[in-house]
Each structure stands twice: as C-alpha cells, then as structure tokens.
Amino acid sequence: MIELQGLTKTYAGKTVVDDITLTFGTGEFGVLIGPSGCGKSTTLKMINRLIPLSAGRITLGGEDIATLPVEQLRRRIGYAIQSTGLFPHWSVARNIATVPQLLKWPKSRIDDRVDELMTMFHLDPAAFRDKLPHQLSGGQAQRVGVARALAADPEVLLMDEPFGAVDPITREVLQAEMRRVHQQTGKTIVFVTHDMDEALSLATRIALLNDGRLIQYERPVEMMVDPADDFVREFIGQADLGLKLLSRRWVHQYQRPPSLAPADALPEPGSHWWLVDDQGRPTALAGARLDDEDAVTRVKAEWVATPEMSMKEALSRMVWYRVMALPVVDGDGKLIAEVGMQGVMGMENSVQTPPATLASTAVRPGETAPTASDGKPA
Amino acid sequence: MSPALSLRRLRSASQGAGVLITLGVLLVALTLGMGQLEPLFRALFPSVSNPLYTRDSYLNLMLAHLGLVAVSSLISVSIGIAAGLFVTRPAGREFEPMVSSLAAIGQTFPPAAVLAIAVPLAGFGFAPTIIALSLYGLLPVIQNTITGLNTVPETTREAARGNGMSAWQILWRIELPLAMRVIIAGIRVSVIINIGTATIGSTVGAKSLGTPLIAGLVSNNLAYIIQGAVLVGLLAIVADLAFERLERRFSFGG
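Protein chains in written order, with this note's numbering: chain A, 1 to 378; chain B, 1 to 254.
Bear in mind the hints are in silico, worked out from the structure with no lab data behind them. Possibly wrong hints are sitting among the right ones.
Among the chain A residues that face chain B by a calculated CB cut under 8 Å, a handful are [unchecked claim]: (1) Ile-81; (2) His-89; (3) Leu-102.
Positions of the beta carbon are idealized from the N, C-alpha and C atoms, including for glycine.
Next up, chain A with everything else stripped away, as it sits in the complex (with noise of 0.2 Å):
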C-alpha cells in the first residue's frame, strides 16, 4: 500500500532520515518508533508532503506521490495529530466534515458521514455536534481528530503521536477504540509514536528508527523475542518484557471451553466449576482459589474477561481478585468460555473455541495467525 524507497532527508546538510526501505502493507497498522529525533516524524510528515522528502522514492498504491497534485494526495489520507489540531472555531460536526466539505460532498451525505463517525466514537451527535473543542474533554478531542481524519474514507490514515497529550486512562481506552476502528475498517495506519506499549498495544508491524535509520521492522512479537540488536532490546525494555508479551495475546487465543457444574456428581478435588444463571450467564466460581479449594467466589464484574481483553489484562484481575481463572463472556454476559494461568503461560488450548462472532477478526489484519511459537523465548 505504502512504499518507503530509499527515503532520505537532509536539514542543513544534517541527514534526519537516512535511506529508510519499507513497506506498509494493505491493512496494516504500522507504528514507527524511536527516541525524540529519531526522524519518525520526519518520515511519518514525508508520506504526505507536509515535509519535501530529499532523495527517495514513496508510492501509495503503486503511485509516485510526487505525481499527484498535493492537495488532492493529502484528501486521500487521512491525518491525526494531538488534540490541538482541531480547528477551534468549528464545532465537532465542521470539523469532522472537513475533508468532505474540501470534496464537495452533498450536504445530506456530509451529515449522514459525521452522525456514522460520531456513533463509531461514542460520541451522541445530539449532544456533540455543535460543540466547540474548548468544551470538549482531552479524549473526547482527541476522537473527534481521529473521526475529522477519517471523515472521507481516506485509503491511509497517518497518526502523529495522537494520543500524546492525554492522561494514561484516557490513551488506554483511545488505543482500545483505535484497535477496534482497525479492525472494523481494515484501513491502512500509519502511527508514531515514542510510547512502546502503545506500539506494542497497536502495531502489526513496528518500525523501530533510531538516528534516522531504520534499525528493525517486524512483527510486535518478533520484536519481542529476536530483537535484531542491544539498542532494540533495551528499547523494548527487559524487566517486564513477560508482561508486555501478555498485552500482544488476546483473551480468545487462550480460552477454553467453561468446566460447569456437573449434574450428579461433587467435582473432583483440585477442580473448578462455573454457576451459572438461567440466561447463561456467571455467578459464582466454586473452586479455583489457592487460598481455599472449596470456597465458592461470588463473580463480580469487574473480574470478567472478554475474547478481545489481553492477557496482560486477565493476568492482572486474575492476581488481584485471586483466583485461577476467569469468566469469559460475550456482549450479551454470557458464559462462552474460561481462561486460567494455562493462557498466561502461553499453552493455547487442544481445542479452539472462538466465538462465531470473533471468527473474522480473530487474526488481525497484517498479522499472520499466532502460532506456539510465539511465546518461545528468545
């Protein structure tokens, strides 16, 4: 989709970006990341010719960008930076419609787009779309950016540091959102960012830059597991290098099928079982607690994992509410499976249980399927 050439740029006879060869691939979410100065943004401003590359080459498409007339290029991609970026004169509903107003959309299409957007980012149009940014909060600005860059159906969506300016919660459910807008519409992403978690938590390919050279582009578990050199280990980070291996595993990797109660017989020792109500959904776990075998653990909400959860995530409720396994359950609660320490410690099950509905997203897209060897160490 998006081919990097040779690409290089100078500043002053200082060369920021040095000979970068990559590409991003249809559908991929492509994160390029480095220390401050590393030339990603540099790079990232290239695509688009907000910055003239020096030597080099970038195709969209299989097309020259160099070709294309520039202000139409850029209305074919779409462009998110942090929140600051809106226009703070235009409400959320003008500034969403940008590129279409640019495209001379009919005005009828313009507000069915932004009303779709707006509903895609949890934003109810009634109460959102004559807003003025300055009334909105961090996050809820930083959606509208993302909804504004998307608003034409661009085939690419480049993101400089979006979620820079907002507070640690707000980025994890923003990245959650970003995670599921790609997948929902398979866009091509282009993402810098200096954050690895957020690389790690977003990527199907990361693209590590550090001196304005490309130093390795592969997959977040790879990376993980064969870093091409010292730089990229400790950029990775070592000590929790475990867990950041859980945050690229999902839920519906690992579940297995829920053991219930059984019918007529007490469960064997050192086993656990679900109750469940009468629409199927969990209310206690007996069992599965290293504390007391035979208690019987009232679920709680907040301790039921979904297919898309990571297991970072189940890993971390599991420690704090104690107990060996979770719940899983779909949109409506109800149990559709379990997933205990065997998912932690990388053991996918004999059986494959997705859900129907996570079939076709099961595998993003980019990604090729996670084989057993994932969790190998390096």
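Please arrange chain B on chain A, whose structure you already have, making use of the hints.
Only chain B this time, still in chain A's reference frame:
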C-alpha cells in the same frame, strides 16, 4: 445551531448591551437636539452672547465627521490588512521588519504635521485630512493583523494543510477567522484614534465635529468647545463599546 450554543451567544450578547444602547440613544438625542439645550448653555455661560453653535447643524457636523472617520478608516484597514497579510505569507515574510517600521514611523508624525505637509499637495479640506488620518490609523491595523495571524497555532495550520486545504482555503477558513479578534482590536484602536484626530481636520477646512471646537477656541467661546467635545467623546465611547462587542463574537474559548 443547538439551543445551548445560541443561548450562550445570546447571553454574552446581552452583556453590556444596556450601556451601549443608552449611550447610543444619548448620542443621537444630543446630535439632533442640541438646539433644545440653548437655555441651559445660556444659563451656564451668561457672559457669552451666542452660546449655541448655529453656523451648521450638529447633524451635518456629525455626518461629516463620521464620513471622515469612515473613509480614512476604510483606507487604513484595507491597506493595513493587505500589508499584514502580505508580510505573513512566505513570499512577503522578508518585508515584515520594513513594513512594521514604516507604519511605526507613520505614527510618530504628529497629525498636525502631516496635515501641514498634505495641504500644499492636496489642497484644503477633505483630502489632506483623509491622508493624515489614514496614515495615522495604519499602524494598529498592520501590527494587529501580523500579531493575529502569528497567534494561529502552528499545529492548527499543519492540520489544515494535512487535511488538504490550499493556501487560500487555509487563509480564509482558518487563519483569518482565528486572527479576527486581534485584527478587530487593531481596527478598534485605529477608529478611536481617528474619531479624536478628525477634529483637527477642521483647521484645514474639513467640516467635522472639530469645527465648533476650533471656532470656540478662536473666539474664546467655551460653550462651542463643550458642545463639540461632548459629541466627539460620546461618539468615541459608543464606537469603542460597539467594537468590544464585535471582538467578543470572534472569541472561541481558546
């Protein structure tokens, strides 16, 4: 527009509207009804035989004064904004120091001196006054146009470019609306200066509210001076309040 937004606009619009309307009505009433106050001036200045300026109606003088201010401000604003725009574009950026200092020099000349120079060139009356006023009102407009455009955040401009706006669209849709509050503040200063300074146009024969003032100074008639000064002062205050409210419309909470 949502009810909440229009309500907010309405509320901010009503703030201070009372003062503006009251003073505006007073200004019109005094302009039209100065003659009715003759007994008052007679009582205040018993030694003056002719305490009401009657060589021209105050309505005519007010209209002439407004005409001078309107034409000169229009010239100042057109040239000022054009110059400000030019020096903030890539093509004109190198001229910014020159334009700024030229405008500053324009304001250091006393308007009386400009009038003295302009009379031999443009004759007496309207024309030299317009030249002096236009020159004098130029600086605040240029300065505020440059400042206003420079306060548009670089990220906003980058977002506009990144979303595929042309330079022209960025100027019209983003930069000018965002700079407008500061530009209007400059126009406000320029117009207020010109309302006061237009009075000296009467020294070279331009009809204005300065005419009774000058006549009063020449004939030592304090009543004439008060009549002219009250109207000029009131006009300046009303204009100032009106501009303040106009400025507020271009405030976007950030």
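Hints and how they fare:
1. Interface restraint check for Ile-81 (chain A): the shortest CB-CB distance to chain B comes to about 6 Å, inside 8 Å, so the restraint holds.
2. For the restraint placing His-89 (chain A) at the interface with chain B, the shortest Cβ-Cβ distance is roughly 4 Å, inside the 8 Å limit, so the hint holds.
3. The interface hint given for Leu-102 (chain A) is met, as the beta carbon of that residue sits about 6 Å from the closest beta carbon of chain B, less than 8 Å.
Violated hints for the displayed structure: none, as all numbered hints are satisfied.
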